[in-house]
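*Asks:* Each chain, written out:
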Amino acid sequence: MIKDTRKILLFLISFLFLLISCLPFHSAWGGEELRIADSAGDWGYPNPFRHYPRGPGYVRMSFIFDTLIWKNNNGFIPALAESWNYNPSDMTFTFHLNSNAKWHDGKPVTGEDVAFTVEYFRTHPYRFIKIADIEDVQPEDGNTVVFRLSTPYAPFLSIIGASMPILPKHIWETVEKPEVYDDPKAFVGSGPYLFGDFDKTKGTYLYRAFVDYYLGCPKVDRLIYIRSANPLLSLTSGEADLANIRPEMAKHLAKKGMTVISDEHGWVKKLMVNHKKWPLSETRFRKALAYAINQSEIIEKSHRGFASPASYGLLSVDHEMYNPAVPTYPYNPAKSIQLLESLGFTKNQSGMFQKNGKELKLELLCSTITAAGENVADRDGEVIKNQLQHIGIEIELIHMERTTADVHIKKWDFDLALSGHGGITGDPVIMNQMILSSYGGGSVNSSRYDENRQLNEILEKSVSEMDHKKRTELVYEAQMIYATELPSIALYYPHAFSAYNPEKSVHWFYTKGGMATGIPISQNKTALIR
Amino acid sequence: MKHNIFNVLIINRWFVFGIILAVLLVIVFTAGAWFSRYDPYNASFSPLSPPSARHWLGVNDGGMDIFSELMYAVRNTVLFGVLSAAAALALGIFAGLTAAWKGGLTGNILMRLSEVIMSVPPVMIMIIVASFMRPSAVTLAFTLSLVSWPTTAKAIRSQALALRERMHVRAARDMGGTSSYIIVRHLLPELFPLYLIGFIAKLRMAVFMEASLAFLGLFDPARKSIGSMIRYALQYYYLDVWLNWLIPPVVCFSLIIMSITFLAISLEEVFDPRLKEI
Amino acid sequence: MKMEGKELRIKTFLSHNTRRIMTYLIAAFLLILLGYYLPRVLPGDYVTAMYSQSQAIITEEEEAWLKAEYADKESFCEYIIALVTLDWGYSLVFSEPVSDLIFSALPWTLFLLGSAHLLAMIIGFIAGVEAAWRRGPLEKLSVGLMTFLEGAPEIATGILLLFIFALVLGWFPAAGGETAYAGYGMFRWGLDVLYHTILPFITLFFAYLPGNFLLARGSMIVILKSPFLKTAYAKGLPSLRVRYGHGARNALLPVVTRFGLRFSFMLTGALVVETIFSYPGLGTLLFKSIALRDLPLIQAIVLFSSLLVLTVNIALEICYRFLDPRVRNET
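Line by line, the protein sequences give chains A, B and C.
Sequential numbering of the first sequence, starting at 1, is according to the working numbering.
Sequential numbering of the second sequence, starting at 1001, is according to the working numbering.
Sequential numbering of the third sequence, starting at 2001, is according to the working numbering.
Bound-form chain A, shown alone:
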C-alpha cells in the first residue's frame, strides 16, 4: 500500500510539473490582441436586436455596427457620414456618407441603407433611439441622405445621428423576425470589427479587425471580452488589458504601471420619493428630507470619499448646460425639523415625529441584492436611515432584489427608494425622460412628476428648440424648478475608474457626455482607430 501510494504521489507530482512547465498559458495567437475584462460577461449577441438594452450591450454591438456620426472627447466626429448640416427652414438634416464605407461582406454603404434602417426600426423598434419625429428619409444620390423632421427635434444628433446603428438593407429587407434571426449575416455591419464569436456560457466575445474599414484598419487584430470577477488580478496577471476597477485599486494598479482613467460625473445616485402619497406629496416635506440628508456623510461612510455631492437640479455639474445657480440644501437638521413642524408634525416622548397620534414612519427601499451579486453592494440605505432617524423620522429599511424593487416603484408602492442612472452629461433630453412620465414612464428611475405645468411646458419646449443658446436657457430654468420642487433628491456621483495596460498603445478614455445616448463606459471604439 505504501509503495502504491508513493507511485501515485510520484505520478501526481510529475503531472503537476508537466502542467506548470506549460505555464504561463498565454494565447497562442501571434498577432496583436487586446483583452477586456468584464464582471458580468454576457450582454447578449452583439447586434441591435439581440443585445441587452443596457450600456455594455450597446458597446459590444457598436464595434460591429457604425452610426452616422460618433462621439469622442471633443464632441461629435464623423463616422459613416463625413459631414452633416441642418437646414432650419425645411427642418432637414443632410448627411454626406463616406464613399469608402463598406459592409463587412464587401458591398458599399449607401443612403438607401440609411433610409431602410429608419423604416425597418419603425416596424421593429430599437429602444435606444427615438425616431417618431422623423417625417421621412430620402437618399439623394448614392452618398447623400436627407432626414426630414415633422417637428424640430433638438436631441437629433445625439439620439439618432450618434446612436442609430445603420443596417445593411440587402440583408435585413427579407428578415421578418429580427429577434430570432441567427444567421451569421445578422452580424454584418460597417464598423471597425467583424463578429467572431460570442459564448453565452463563458460570457466571452471575439472580434476580428475589419481590414477594409473606411477609417483604416483598426490597431488591434483581435479584440476579446472575457468574464472576470477579479479585475485587479486579471490586469496584473496579463489576462486582461482593460477593466473597470474599484476606486481603491487605482493606487496599486498605477504602481504596477497601469494607466488609470476616471470618468466625469455622469451617473447619479438619487433618492426616489413617492410624491403621490402624503406627506411626501408636500414640497416642504421633501425639502425637509433634503435638509436632513447629509450628502458628504453618505460619501464618506458608504464610499470612503470616492464620490462627489450631486446637484439638486439633476443635470451633472459637468454638463455644459449645468445651471450653477440651482438651490442647494446643505445639511441642516434644525431647518429640517422646523419644516416638519410647519407641516403640523410634533415630536412624541421618544423624540420621533407624529401627527394626530400617528407616528411618522417611512419605508426606504434598497435593492442591492442581485442573484450572484452583479452589483457591488453599498451601505447607502443604512446611512440614510440613520440620518433621517436622527431628526426624528422613523425609517424601515427594506432590502429587495433589484427587479422586485423595480416592480414596487413602478406601482407607486413605496415611500422612499434608492436608485440611480447615467445619461446626465449627455443630451439634456435626459431631464424629460427622468422627470416626465410621457418620456420615461417605462423607466424605474423616472420621477414621473407631471404635476408642475410650468416645468412640463419648459421641458417640452426645450426638446424642440434647435437653437443652442435658447435651449440652454430653457434647460437652466427646468433645473431651477426641479431643484425647488424636488420630485426626487439627488445624492451623489460615484467616481468611476478603469485601468488599462499602456503597452498595447491603445489609449482608452471616457467619452465626454458618454457614448451614443450617454453610455459612461471607457470602451470607445475610436481608441482603436489609427
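Some hints could be false.
[To be verified] Which chain C residues stay away from chain A? Per the calculated CB distances, all over 10 angstroms, these: (1) M2022; (2) A2028; (3) L2083; (4) V2256; (5) L2310.
[To be verified] Below are the DSSO-like pairs computed for lysine-lysine, each with C-alpha atoms no more than 27 angstroms apart in a straight line: (6) K256(A) - K277(A); (7) K355(A) - K287(A); (8) K2073(C) - K410(A); (9) K177(A) - K2225(C); (10) K411(A) - K276(A); (11) K410(A) - K219(A); (12) K358(A) - K276(A); (13) K512(A) - K469(A); (14) K2225(C) - K411(A); (15) K2073(C) - K411(A); (16) K504(A) - K470(A); (17) K256(A) - K219(A); (18) K361(A) - K411(A); (19) K255(A) - K504(A); (20) K177(A) - K2067(C); (21) K2140(C) - K2225(C); (22) K2067(C) - K410(A); (23) K504(A) - K251(A); (24) K107(A) - K256(A); (25) K2067(C) - K276(A); (26) K276(A) - K287(A).
Think of the hints as simulated: they come from the structure by calculation, not from any bench.
Note that the Cβ used here is the ideal one computed from N, Cα and C, for glycine as well.
We have chain A; now place chains B and C onto it with these hints.
*Replies:* Positioned in the frame of chain A, the structure of chains B and C alone reads:
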C-alpha cells in the same frame, strides 16, 4: 435511557472533541458578544481601518466594527441552523411516526411525498424563494425545513416499524395499550438517538446552506451572517483585509461546521450504523 | 432452469418496481408542476427586469407594447405537451432554445462536479478499504485528517485556495474555465482547461473525499469481522481478491447510496465554488435567468436539475438492486 447514551458517548473521542469545541465556541461567542463594545450596525468608525486596541479586528468598508459584526453573524447563522433543524426534526418525527403507525394510504402518501421532495435540489427552491420573495430569515429557515425533513422521516419510519414488532411494544399492544400510549411511552423515547442524529445532520446542512446563500448574496444584505461577511470582505480581496476581515469568519465557520461534524460522526459511530443519516 | 430463473428474476424485479416507477412518475409530474408555477408566482417580469434600469429609456406605451409581446401565454397543458415533444421553449434573454443554453452550460458543471465526485468516490473508497484492512498509526492519522477535512466547508477551502494559489503565489488562474479564444490545439486546450479547473476541482474534491473515505472504512471494518470473509481467507484465496472481490464489494453499497442521497445537496457547494472561481456552468446561468426574469429559462433549469437528481436516483437504485444480493432476493 438518556444517561446511558451519554455514558456511551463520553468515551468516544470525536464526541469529546465535538463537545469541547462546541462548548468553547459557545463560551467564546457569549463572552465575545458581551465584550464587543459596539453595536454591529453602528457605522460611525473610519472605514477599512486596521485592527487596533479599540477595534480588535478593525473596521469594515461600512465603518462598522468587525469584531462585533462577527459576534452577531455567528449568532445569526447558528440560530438559523438550530431553528431550521428543529423544525425539520419535528416535521420528520411527525411524518415518520405517522407513516409507521398508520401505514396504509396515509403512510404511503407521506413516504411518496418525501421521495418527491428528496429529488428536488433544496438549493434551487431556496434560491428562487430567497431571491424573489424577500422573506425574513425565519421564514427561510422554515422553508428549508420544509424541504429537508424527508431523510429524517424515512429513518424514523423504518426504525419505528422495526420497534413496533419488538417484544415489549407487542406486549404493550396485546395488553390493550392505546396507540397514543404506545407512541408516547415507547416509540417516542426509544427513538431518541435518531433525533440526535437527525438534528445534528440537519443542523450541519442548515448552517451550511445559510452561509452559502448569504455568500451568494441571496439574503438581506444588512443582516449579519457569516456568509455575507465573507461576501463583503471578498470584494476587497486586493486590500490588506485578509487577516482581520476575511479569515476570521472563514475560520469561525469552519470551526462551527467541524464541531457539528465531529458530533455527527461520533453519534453515527456509537449508534447502530444502520441508523446512519446523510 | 437457468433461463427460467433469470426470467423470473426480471419479472419480480419489474413487478416489485411498478410501484417505484409510479412514484418516480408522480415525482416527475409534481416537479414539472412546480417548475411551471413557482417562477410564475414571483414578482417582476422580463420587461421590467430588462428595461426599467436600462440605458434605453422607454415610455409607458413602449413598455406596454413590450409587455404584451413577452407576455406568458402558455397554459400548463401546452407546457406539458411542449415538454413531451422536447420543446423546452425559447429563452427571452438570448432568444435561443432553452435546451441549447442548458446543454452549453451543462458540460462545464458536469465536468467539474462529475470529475470531483467520481474521483472522490473512487479514491475515497479505495483509501477507506485499505485503511480498514491495515489498521495502524497511518490509519489513525488518516481518519483524523479526514474527519478534520469533513468539517471544512467549501466556502472556506475555496477562499483559502484562491488566496494562496491564485493571489499570493499566482500559480493558478483566479477566474474562468479556459483562456478565451487562445487558439490552442486539442492537447494544449485540454491542458488549459485542466489548469483552470484545478482550484475549483480541489475544493470540491476535498469536500467530497472525507465522507466517502469514512463511510467506506466504517463499512469495511464491519464486513471484515463477518464470517464469510474468514471463510474466503481460509480457502486460501489471494488477499487482494478477498479484499476487493469479497469484502469491498459489500462496502461499496453504502458509498453508492450516499452518493445518490447527497447529490442534490451537493449542488449548493458547487454553486458556491462556481461563484468563487467565476467558473462557467449551470449556476451562473441560473443566477442570470433569475436576475433577468427569463421565465422559460428558470423553469427549464429548475426542472432539468430536479430531473437530473431523479435520474441519478433511479439509476443508482437499479445499480443498487443488482449490486446487493440481499435486495435482489427480497420480495
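*Asks:* Compare the structure with each hint and give your call.
*Replies:* Going through the hints against the structure:
| no. | hint | in the structure |
| --- | --- | --- |
| 1 | M2022 | 36 angstroms, holds |
| 2 | A2028 | 26 angstroms, holds |
| 3 | L2083 | 21 angstroms, holds |
| 4 | V2256 | 23 angstroms, holds |
| 5 | L2310 | 24 angstroms, holds |
| 6 | K256(A) - K277(A) | 53 angstroms, violated |
| 7 | K355(A) - K287(A) | 18 angstroms, holds |
| 8 | K2073(C) - K410(A) | 23 angstroms, holds |
| 9 | K177(A) - K2225(C) | 71 angstroms, violated |
| 10 | K411(A) - K276(A) | 11 angstroms, holds |
| 11 | K410(A) - K219(A) | 45 angstroms, violated |
| 12 | K358(A) - K276(A) | 19 angstroms, holds |
| 13 | K512(A) - K469(A) | 20 angstroms, holds |
| 14 | K2225(C) - K411(A) | 70 angstroms, violated |
| 15 | K2073(C) - K411(A) | 23 angstroms, holds |
| 16 | K504(A) - K470(A) | 44 angstroms, violated |
| 17 | K256(A) - K219(A) | 24 angstroms, holds |
| 18 | K361(A) - K411(A) | 20 angstroms, holds |
| 19 | K255(A) - K504(A) | 17 angstroms, holds |
| 20 | K177(A) - K2067(C) | 17 angstroms, holds |
| 21 | K2140(C) - K2225(C) | 19 angstroms, holds |
| 22 | K2067(C) - K410(A) | 14 angstroms, holds |
| 23 | K504(A) - K251(A) | 20 angstroms, holds |
| 24 | K107(A) - K256(A) | 45 angstroms, violated |
| 25 | K2067(C) - K276(A) | 25 angstroms, holds |
| 26 | K276(A) - K287(A) | 15 angstroms, holds |
In this structure, the earlier hints numbered 6, 9, 11, 14, 16, 24 are contradicted, and the remaining ones agree with it.
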